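There are 2 protein chains.
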Amino acid sequence: MPEIEVSRPILEANQRIAQGNRRKFQEAGVKVLNLISSPGAGKTTLLEQTLSRVAAELAVGVVEGDIQTTEDAQRVAACGVRAVQIETKGACHLDGQMISQVLAAFELDKLDLLIVENVGNLVCPVEFDLGEDMKVAVLSVTEGDDKPSKYPQLFQEAGVLIVNKIDLLPYIDCDLERIHQTCRRLNPSQKIFDLSCRSGEGLEDWVAWLKAWTRS
Amino acid sequence: MPEIEVSRPILEANQRIAQGNRRKFQEAGVKVLNLISSPGAGKTTLLEQTLSRVAAELAVGVVEGDIQTTEDAQRVAACGVRAVQIETKGACHLDGQMISQVLAAFELDKLDLLIVENVGNLVCPVEFDLGEDMKVAVLSVTEGDDKPSKYPQLFQEAGVLIVNKIDLLPYIDCDLERIHQTCRRLNPSQKIFDLSCRSGEGLEDWVAWLKAWTRS
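So the protein sequences, as listed, match chains A and B. Residues in the first sequence are numbered consecutively from 0, following numbering that gives the first Met the number 0. Residues in the second sequence are numbered consecutively from 0, following numbering that gives the first Met the number 0.
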């Protein structure tokens, strides 16, 4: 069988670079989140909604990972924060080196929070440490309540789970409680926020947590 | 930068195995589809809805690819067709070898159609030929109308695009015409079906096409 898993030397090399990033973040006093989800779960919209609510109190920078196009960075920059795009040119995830290469674009000392939006993919980004403090999983209810059990690694490792698009619950077959139960089993200390970036429901709790965590 | 793209020897080895699969399929006179989408776009539900409509006329087998769990194979087997599960144990896509290893579980000579449901991932499965006749992309409107331009390779290579969950269009911000335009630009000969597996709208056109294509 051809080698299909990421080989150990690649992951070890990544880990060394990620640790270097982590040291830089700690020296600069900036907290770092790594946002991971399927394509279309709403990461960029969540960023837009979040940035508009925290920008007055926190200095935030954003790294946008996309396989192609710079659309997302433009959407985020329109919120008035510094946004740097990484086009991965086909690669299915960000890695420590890609992050390392764009850090010079930020004045890290002046930031409170750096949010990295990873490539839309529930699998590969989880393997690659970027030097972040915490992974945040975003799952939209339209993806179905079976996703945490089918793609467990992300939901196990994420310190926060955002369940998005709850405004659509009346129109679909999704058992929100099943999502909660599976994720509590995978990671009992995970913080879960159910919200809708479209209606705004639930956003305040997430934003309050984010402000407190960033200052902690 | 660590090697992040799939290396050429791996892809070449895969290609040789996939060509072997393809020869077997052709000798047995069975048509093969490779279903690719994000997690939660509705591949399994599409299979359920499709199988119930073609089972009386076509002999169909299904290969279910999942990182973990055998839930999907059980759902498909409940439709009365032979379904074989491949648990990839962490790998983010199926490859030619995995398919080759399960073919003995089918009486290929007696099948008209074999449908492979790949791991939910818009990126990595596209790189790995399985020996299929055609890739079918499934995109749900809830993922957003920017996905074909952000993840172009699948939409370029897929002979058929199924745009699923159109019953949710009244409740979301998704421009169906933008999806069509991007995909027509990426692949002018692509056949596009807009449908809802939940309401049933549009399913008949897809099923009619599938029956005719299988017999062609």
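There may be inaccurate statements among the hints.
BS3-like cross-link-like pairs, simulated, lysine-lysine; straight-line CA separation at most 30 Å [stated by the list, open to error]:
(1) A/88 with B/88
(2) B/88 with B/23
(3) A/109 with A/210
(4) B/190 with A/190
(5) A/88 with B/190
(6) B/190 with B/88
(7) A/210 with A/190
Quick list of simulated restraints, FRET-style, between CB atoms [as the list claims (entries may be wrong)]:
(8) A/203 with B/174: 26 to 36 Å
(9) B/211 with A/203: 26 to 36 Å
(10) A/69 with B/133: 43 to 53 Å
(11) A/199 with B/9: 56 to 66 Å
(12) A/10 with B/211: 42 to 52 Å
Some, not all, of what chain A presents toward chain B, calculated at C-beta under 10 Å [to be verified]:
(13) 89
(14) 120
(15) 121
If you are wondering where the hints come from, they were derived from the structure by calculation, not from laboratory data. These numbers were taken from a predicted model, which means no experiment stands behind them. We treat Cβ as the ideally placed atom computed from N, Cα and C, and that holds for glycine.
Going through the hints against the structure:
1. A/88 with B/88: Status holds; Cα separation ~27 Å.
2. B/88 with B/23: At roughly 26 Å apart (the allowed maximum being 30 Å), residue 23 of chain B and residue 88 of chain B satisfy the hint.
3. A/109 with A/210: holds (16 Å)
4. B/190 with A/190: violated (43 Å)
5. A/88 with B/190: holds (27 Å)
6. B/190 with B/88: violated (33 Å)
7. A/210 with A/190: holds (14 Å)
8. A/203 with B/174: 26 to 36 Å: With a Cβ separation near 29 Å, residue 203 of chain A and residue 174 of chain B satisfy 26 to 36 Å, so the hint holds.
9. B/211 with A/203: 26 to 36 Å: violated (53 Å)
10. A/69 with B/133: 43 to 53 Å: Check failed, 32 Å falls outside 43 to 53 Å.
11. A/199 with B/9: 56 to 66 Å: Violated, at about 46 Å.
12. A/10 with B/211: 42 to 52 Å: Since residue 10 of chain A and residue 211 of chain B have Cβ atoms about 47 Å apart, the given range 42 to 52 Å holds.
13. 89: This hint holds: residue 89 of chain A lies near chain B, its Cβ roughly 6 Å from the closest one there, short of 10 Å.
14. 120: holds (6 Å)
15. 121: Holds. Min distance 5 Å.
When the structure is compared with the earlier hints, violations turn up for hints 4, 6, 9, 10, 11 and for no others.
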